[in-house]
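The hints should help you fit chain E onto chain A, whose structure is shown.
Chains as they are written, first to last, in the numbering used here: chain A, 146 to 427; chain E, 10 to 184.
Calculated directly from the structure, the hints in this document are not laboratory data.
Note that CB positions come from ideal geometry on N, CA and C, so glycine has one too.
Hints are not guaranteed to be accurate.
Partial list, derived from the structure: chain E residues whose beta carbon lies under 10 Å from chain A [as the list claims (entries may be wrong)]:
no., residue
1, 66
2, 67
3, 76
4, 94
5, 95
6, 121
7, 125
Okay, derived cross-link-like pairs now, SDA-like style, lysine to any residue, Cα gap no bigger than 25 Å in a straight line [unchecked claim]:
no., chain 1, residue 1, chain 2, residue 2
8, A, 408, E, 108
9, A, 326, E, 63
10, A, 326, E, 108
11, A, 305, A, 372
12, E, 45, A, 262
13, A, 408, E, 63
14, A, 408, E, 106
15, A, 234, E, 85
16, A, 234, E, 125
17, A, 234, A, 262
18, E, 45, E, 16
19, E, 45, A, 331
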Amino acid sequence: MNIREDARRAARKVLEQGKAQGVLGLREAGDGVSPHLFEDPGDIDSLVVEPKWLLAKLATGILKDLPDDYRLAVMCRGCDERAIVELIKRNQLDGAKIHVIGLACSQEQARACLCTRPYPSEVAAGDVVEGVDPFQDERARTFLEGDQRERMIRWATELKRCVKCYGCRNSCPICVCVPCKLEDDLWVGRGEIPADLISFHLIRAFHLSDTCVACGACQDACPENIPLMLLQISMRAFLMQEYGYEAGTDRERRSPMLSDLTKEPSPGYEIPGWVDSLKDSV
Amino acid sequence: MARCWRNRFRDAWCDMSNRVSNEIKGNTKKTGRGPKAIIFACRWCALIGADGAGKNRVQLPLNFRVIPVECAARVEPDSIIRAFSYGIDGVGVLGCHLGGCRYHNANHRALKRLDLLRKLLDTVGIGSGRLLTSFGTAHEYHQFAAILNEFFQGLREFPPIDEWARAQMTDAGKG
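Isolated chain A, as found in the complex (with noise of 0.2 Å):
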């Protein structure tokens, strides 16, 4: 089964069908792929799959200027409905006007962005593939794990290459708050030669703890190849582990840090009995 086509053809059927009235999806370009927003099935021809570009920020960017009717589909790798979702539940996208078309990521792929969840809840193309576990590649593990002078001295030495070209936070597709905290000098400071990494990166990374869906748009982006994704790790998995919560995966549930313990609990945390009158506490 050939994912390409069976993408086109979905795309086609979802074109034809009037399920939506464009498609936004890759197309051969020059020597490379570029998006585009297909509105006429003929066009699909020219509609590719490869390589992973992330489309969830150029989705909500372009159905600002579409008309208010408009139905978009949107050619969606995992981590792609991911972000949708999240977006939805930020009221940054409105979950009627969007259409996902799932494809599913290659063992390579997964293997690439270390991705627990390379398939999106319905798949139109591809074959789906088991997630890979983060904590088990070595590469990533000395970046997670050991020694915490080592630790330290390794990000350290990523980090320090970084020259604030905010290609990080502008392909990252949940970063849309204006106005951006990484812009205000009194943050991340402004004009400083070498810049000052621990705020801008920790702030960035701390914003997007329980919104970040894994997809890797960060580091993809990095000129300086900085694994920016690896900041997050640990974030998602003690989120997973303290109140089973996974960003992207529901549309309803809202993140744990939203809520107090009432509400989501924390294995770890009792609150105490507290009386309202002298009376019962007699």
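Only chain E this time, still in chain A's reference frame:
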């Protein structure tokens, strides 16, 4: 006849100054200066504990500043990160008991957020021991003092956070 009160006063003053300078020497003998910390204290419970510790003259570590906030949930994790980037060795966030926040369990959210932040600090190598959270210091000044003393004890074991910044700037990490 009893010694003149001026002598007693001078002796007490010298004794106190010696004790203070020995403290400073004790703090700085390893690194040249003691660890510095910022403590965000919720004004309804933790600040009262801090005040009480001061009034009752309990032994407290040096080199920390208390910043009163309305509620522990007011503290943005970004402020904590920024403090580390400025070279502050440790940050504490002290709030009310978990069932006793007057802002409708806002301290629950602070607790969750800070637990998550601790994970990030651990990953990057700054260390989760640099962030102190305590949600139970209420009017209990001796507990405040004990918590802070323990925190500083831990901080003295870590290298000063400037080393993180220096490791970034130099080629210490190559190879």
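* Asked: If you take the shortest Cβ to Cβ gap from residue 95 (chain E) to chain A, is it below 10 Å?
  -> Interface hint status for residue 95 (chain E): holds (9 Å vs cutoff 10 Å).
* Using 10 Å as the Cβ threshold, decide whether residue 94 (chain E) counts as touching chain A. => holds, 4 Å
* Asked: Within a Cα-Cα threshold of 25 Å, do residue 305 (chain A) and residue 372 (chain A) meet the stated pairing?
  -> holds, 12 Å
* Hinted pair residue 234 (chain A) and residue 85 (chain E), Cα distance within 25 Å -> Holds, at roughly 22 Å.
* Asked: Going straight from one Cα to the other, do residue 234 (chain A) and residue 262 (chain A) come out at no more than 25 Å?
  -> The given pair, whose Cα atoms are some 20 Å apart, holds under the 25 Å limit.
* Asked: Is residue 45 (chain E) close enough to residue 331 (chain A), meaning Cα to Cα at most 25 Å?
  -> holds, 21 Å
* **Straight-line alpha-carbon gap residue 45 (chain E) to residue 16 (chain E), limit 25 Å** => Roughly 35 Å separates the two Cα atoms, so the pair is violated.
* Hint status (Cβ of residue 76 (chain E) to nearest Cβ of chain A, threshold 10 Å) -> Nearest chain A Cβ about 16 Å off; hint violated.
* Taken at face value, is the distance from the CA of residue 63 (chain E) to the CA of residue 408 (chain A) at most 25 Å? -> Cα-Cα ~38 Å, so violated.
* Would you mind confirming whether the straight-line C-alpha gap from residue 234 (chain A) to residue 125 (chain E) stays at or under 25 Å? => Between residue 234 (chain A) and residue 125 (chain E) the Cα gap is close to 21 Å, so the pair holds against 25 Å.
* Against chain A, is residue 66 (chain E) within 10 Å by beta-carbon distance? -> Nearest chain A Cβ about 30 Å off; hint violated.
* Given hint residue 108 (chain E) paired with residue 326 (chain A) - CA-CA distance at most 25 Å -> violated, 32 Å
Consistency note: the structure conflicts with the earlier hints numbered 1, 2, 3, 9, 10, 12, 13, 18.
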